[in-house]
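**Student:** One-letter residues, chain by chain:
2 protein chains.
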Amino acid sequence: MTITITAFETSPDGGKGLARDMRVRWALEEVGRPYGVRLVSFKAMKQPAHMAIHPFGQIPTYEEGGLALFETGAIVFHIAQHNSGLLPDDAYARARAITWMFAALNTVEPPIVEREQAHFTVGNMPWFPQLLDVMNENARTRLSQLSDSLGNNDWLDGTFSAADLLMVLVLRRIEGEGILENFPNLCAYVARGEARPAYKRAYSAQLAVANHN
Amino acid sequence: MTITITAFETSPDGGKGLARDMRVRWALEEVGRPYGVRLVSFKAMKQPAHMAIHPFGQIPTYEEGGLALFETGAIVFHIAQHNSGLLPDDAYARARAITWMFAALNTVEPPIVEREQAHFTVGNMPWFPQLLDVMNENARTRLSQLSDSLGNNDWLDGTFSAADLLMVLVLRRIEGEGILENFPNLCAYVARGEARPAYKRAYSAQLAVANHN
Numbered sequence: 007m008t009i010t011i012t013a014f015e016t017s018p019d020g021g022k023g024l025a026r027d028m029r030v031r032w033a034l035e036e037v038g039r040p041y042g043v044r045l046v047s048f049k050a051m052k053q054p055a056h057m058a059i060h061p062f063g064q065i066p067t068y069e070e071g072g073l074a075l076f077e078t079g080a081i082v083f084h085i086a087q088h089n090s091g092l093l094p095d096d097a098y099a100r101a102r103a104i105t106w107m108f109a110a111l112n113t114v115e116p117p118i119v120e121r122e123q124a125h126f127t128v129g130n131m132p133w134f135p136q137l138l139d140v141m142n143e144n145a146r147t148r149l150s151q152l153s154d155s156l157g158n159n160d161w162l163d164g165t166f167s168a169a170d171l172l173m174v175l176v177l178r179r180i181e182g183e184g185i186l187e188n189f190p191n192l193c194a195y196v197a198r199g200e201a202r203p204a205y206k207r208a209y210s211a212q213l214a215v216a217n218h219n
Numbered sequence: 007m008t009i010t011i012t013a014f015e016t017s018p019d020g021g022k023g024l025a026r027d028m029r030v031r032w033a034l035e036e037v038g039r040p041y042g043v044r045l046v047s048f049k050a051m052k053q054p055a056h057m058a059i060h061p062f063g064q065i066p067t068y069e070e071g072g073l074a075l076f077e078t079g080a081i082v083f084h085i086a087q088h089n090s091g092l093l094p095d096d097a098y099a100r101a102r103a104i105t106w107m108f109a110a111l112n113t114v115e116p117p118i119v120e121r122e123q124a125h126f127t128v129g130n131m132p133w134f135p136q137l138l139d140v141m142n143e144n145a146r147t148r149l150s151q152l153s154d155s156l157g158n159n160d161w162l163d164g165t166f167s168a169a170d171l172l173m174v175l176v177l178r179r180i181e182g183e184g185i186l187e188n189f190p191n192l193c194a195y196v197a198r199g200e201a202r203p204a205y206k207r208a209y210s211a212q213l214a215v216a217n218h219n
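Taken in sequence, the protein lines are chains F and D.
Heads up: the first sequence runs through residues 7 to 219, numbered per the working numbering.
Heads up: the second sequence runs through residues 7 to 219, numbered per the working numbering.
Treat the hints loosely; a few may be bogus.
Covered, in the sense of this in silico footprint (three residues per stretch, anywhere, with C-beta under 8 Å from a C-beta of chain F), are these stretches of chain D [said to hold, decoys possible]:
| # | stretch |
| --- | --- |
| 1 | 16-28 |
| 2 | 77-91 |
| 3 | 136-150 |
Bear in mind the hints are in silico, worked out from the structure with no lab data behind them.
Glycine is no exception: its CB is placed at the ideal position from the N, C-alpha and C atoms.
Isolated chain F (complex conformation) (with noise of 0.2 Å):
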């Protein structure tokens, strides 16, 4: 069956990979499925027909035959359950693989999502330098964590997973803000992530959007 996701058609990054579709666009490439994509205009993310498939008016959206999803963590975790490649056959170490993908985007991400929203919604505060070093704290501490768990492992929990994936991912966020920067394995880590021919691909997918614009 065709699968067809949705994206921005304007990506609020130029197309560099930090919208949410790329984490579809790569699991897609990673077990060879083919995809069509949907461009969705802010204005139309919070339409009706929008929303009846995604309720909080994001993207991307997965739609194959007569089901339909949101939320990448739950549209990945069905990618690698219905191809192979995503997640280890074993049943303890696809257990732990999938404690990764929660840990990727219920812990590591919440801090670095909030720290980048709020540059937009209290960025122009005189108070906001005070806020920002708490802030940098708090994806400091997660971060420190993560490396001492990650040593000097390539992957998260033996080979690539789909864990691997949202994780490198979500360490692409706070690229460039001198923080992840301050733990070589985790630079080292998203670099691996990057290597992989399919990121290569599902990367040059979603920066043609962005050049065709």
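Could you slot chain D onto chain F? The hints should help.
**Tutor:** This is chain D only, laid out in the frame that chain F set:
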């Protein structure tokens, strides 16, 4: 095999069901699985023995035979996958329920926890009321979208699932702040969750720990 989870030795909420072990307790009660609890102090949570099973030094964890998991989303999913009663059998309905599990933890929870944590980290700053206004608005937007999506339905997607379990407990974390209370259908939804016998058993069990201290 015996299931052992970890919980706070001294829960910050005094046993009102807001600590994250409540999610795991409730899930285990729904599927009728007995479990043991190992209580952990705030100091012990950050020590190597606990960090070895929870890299971010938090509770709960889940141990069963040779398997050790952290992240409530992953633990609840693991319980749901290996016991009946928390996820629908139909493949599409199951994928949608998993979508809502991720939505509870990656879309609805972050603005709620962010707002809660800010009270502790910057609550004494003179500019905190201005920040709180922004955070309240972020939380209100998410809850409004969730309220629209739930409508007059009893549960998020068909019958009660692990997604409802997580969402009800996420919503409970913002109870009494004058935000959730603007959405009568969400309040009724939380009350429906709290009325389940399994919820009540889990609540009593975690309250008993607090009362014992």
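**Student:** Confirm or reject each hint.
**Tutor:** Each hint, compared with the structure:
no. : hint    : in the structure
1   : 16-28   : violated (count 0)
2   : 77-91   : holds (count 7)
3   : 136-150 : holds (count 5)
When the structure is compared with the earlier hints, a violation turns up for hint 1 alone.
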